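Trainee: Numbering-wise, the sequence shown is residues 1 to 414 according to the UniProt record's numbering.
It is worth saying that the hints were derived from the structure and are not from the lab. Please note that the accuracy of each hint is not assured.
As the list claims (entries may be wrong) - Derived PhoX-like pairs (lysine-lysine); straight-line CA-CA distance at most 25 Å:
#1 LYS282 - LYS49
#2 LYS134 - LYS49
#3 LYS282 - LYS332
#4 LYS357 - LYS170
#5 LYS170 - LYS234
#6 LYS49 - LYS75
#7 LYS269 - LYS234
#8 LYS134 - LYS282
#9 LYS282 - LYS357
#10 LYS234 - LYS357
#11 LYS170 - LYS282
#12 LYS269 - LYS235
#13 LYS357 - LYS235
#14 LYS170 - LYS49
#15 LYS170 - LYS134
What the hints assert, rightly or not - Derived DEER-like restraints, expressed as beta-carbon distance ranges:
#16 PRO115 - LEU237: 32 to 40 Å
#17 ASP354 - PRO62: 52 to 60 Å
#18 PRO62 - THR325: 21 to 29 Å
#19 ALA50 - PRO100: 32 to 40 Å
Note that this is a predicted model, so its numbers are computed, not measured. Glycine residues also receive a C-beta, built at the ideal position from the N, C-alpha and C atoms.
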Amino acid sequence: MTKPESAGPDYDVVISGAGLAGCAAAILLARRGARVALLERRSRPGAYKALCTHSITANATPVLDELGLIPALEKAGAVRNEARWYTRWGWIEPGAAPGPELPYGYNVRRSTLDPLIRSRAAETLGVDVLLGHKVTGLIREAGRTVGVRASTPEGEREIRARLVVGADGKDSAVAGFAGVPTRRHENARFGYLAHFRNLPLRDGISHAWFLVPDMAYAFPNDDGVTVVAVLPDKKRLPAFREDLEGSFLEFVRSLPDAPAIDAAERVTKITGTVDYPLHTRKAAAPGLALIGDAALTGDPLWGVGCGWALQSARWLAEAVAPALTGTGDLDKSLAAYARTHRLRLGGHQYLAADFAKGRPFNPLERLMFSAAARDGAVARHMHMFASRLMGPLGFLNPLMVTRAAVVNLRHRGA
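Please build the complete structure, drawing on both the sequences and the hints.
Mentor: Structure below.
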């Protein structure tokens, strides 16, 4: 039975999307005292996102720790994601440089990660996980969002809440229903990936190839599976359309120090997309917040989506929980969340959108990438930036840029 408009909210928060961002937000909000309805359009508890880099960058490790997921992830075989990157100047190898242990995240397949975090959400006091609930519209009153309409196995339903959260991905229906504008950044690359067994990588760590404009990576994951992805310039698309498997394998074979792809066993189909633009949206409006890909969809080249999903969930919970459970101003809290989101991720997205044009390295990128291939300190600095543990200004701080310049001058003089 639909409640009359004068009725109070059914929950403090309704979240659309029980993926990584939505489940993290539900857990973190409920632990802070909020009553949360977590809606998922799919009916299976084990549903998961297939098209993903299957990697969580180190910036999100503190969120995994707060969620209490790290012991379970390591028990499930998640791989700490140390990496090396190929460039035309040679390999960048942060882990080989002297210094303390570098921060790490985890490579873990979404078929392992998503059911795990969803089950944790279902076990959390204050969270109702509602499977088979697809948001079909928003309830709006006096210029603000006050709930959702959803199709459910029992029919149509209205669920009212003080806050509605869109955690429903890059093509967010919640953002569309709310009329939140989307800034679209074209991507000059397309991408395909597949999972393989018996594909050893040197030192058992992640590899990425910056062939510019073409890219590729191979990430060891749980259960002995390696995720291999190719991200070529769209000029190569006709060949892939004509022969997907042959073009995929030939691309991998052609990589410098290529993994032995022909000796490996492919255990999934080759999946991907020929058009994956970057999206940027304002992260909050009255009664509404967006998290994860619904707020900002990055370039899969960088593998940052899972990390940013977890971080944005935490930023939202920290910002709005006092207002939801006490006497704070919710709209001011939402504005604070949107400001944090913009300040923390806006610079990263600006650089990613520019590089997604398929252009060559610019002079500063050439300086830093070439020096990182020649100097351990610059390589470790590169790791911190790639892990999103520092922003663009930190990456290009004058001391490190000067060091990179000196490294390259010495190399030329050698």
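Trainee: Given the hinted pair LYS269 and LYS234, is their Cα-Cα distance within 25 Å?
Mentor: 21 Å, holds
Trainee: I want to verify a distance hint. Is the separation of the beta carbons of ALA50 and PRO100 within 32 to 40 Å?
Mentor: Since the Cβ atoms of ALA50 and PRO100 sit about 36 Å apart, the hinted range of 32 to 40 Å holds.
Trainee: Holds or violated: are the alpha carbons of LYS49 and LYS75 at most 25 Å from each other?
Mentor: 21 Å, holds
Trainee: Does LYS269 pair with LYS235 here, judged by a C-alpha cut-off of 25 Å?
Mentor: Status holds; Cα separation ~23 Å.
Trainee: Note whether the CB distance of PRO115 and LEU237 lies within 32 to 40 Å or breaks it.
Mentor: Given a distance of about 34 Å, which is inside 32 to 40 Å, the answer is holds.
Trainee: With the threshold set at 25 Å, check whether the alpha-carbon distance from LYS134 to LYS49 stays at or below it.
Mentor: Distance ~16 Å between LYS134 and LYS49 Cα, so the pair holds.
Trainee: Has the given pair, LYS357 with LYS170, been kept, meaning a C-alpha gap of at most 25 Å?
Mentor: 19 Å, holds
Trainee: If I claimed the Cβ atoms of ASP354 and PRO62 lie 52 to 60 Å apart, would that claim hold in this structure?
Mentor: 28 Å, violated
Trainee: With a cut-off of 25 Å on the C-alpha distance, tell me whether LYS170 and LYS282 pass.
Mentor: The hint holds at about 13 Å.
Trainee: Below or equal to 25 Å on CA atoms is what counts here, so check LYS170 against LYS134.
Mentor: 16 Å, holds
Trainee: Taken at face value, is the distance from the CA of LYS357 to the CA of LYS234 at most 25 Å?
Mentor: At roughly 10 Å apart (the allowed maximum being 25 Å), LYS357 and LYS234 satisfy the hint.
Trainee: For LYS282 and LYS357, compute the direct alpha-carbon distance and say whether it is at most 25 Å.
Mentor: 23 Å, holds
Violated hints amount to a single one, hint 17; each of the other numbered hints is respected by the structure.
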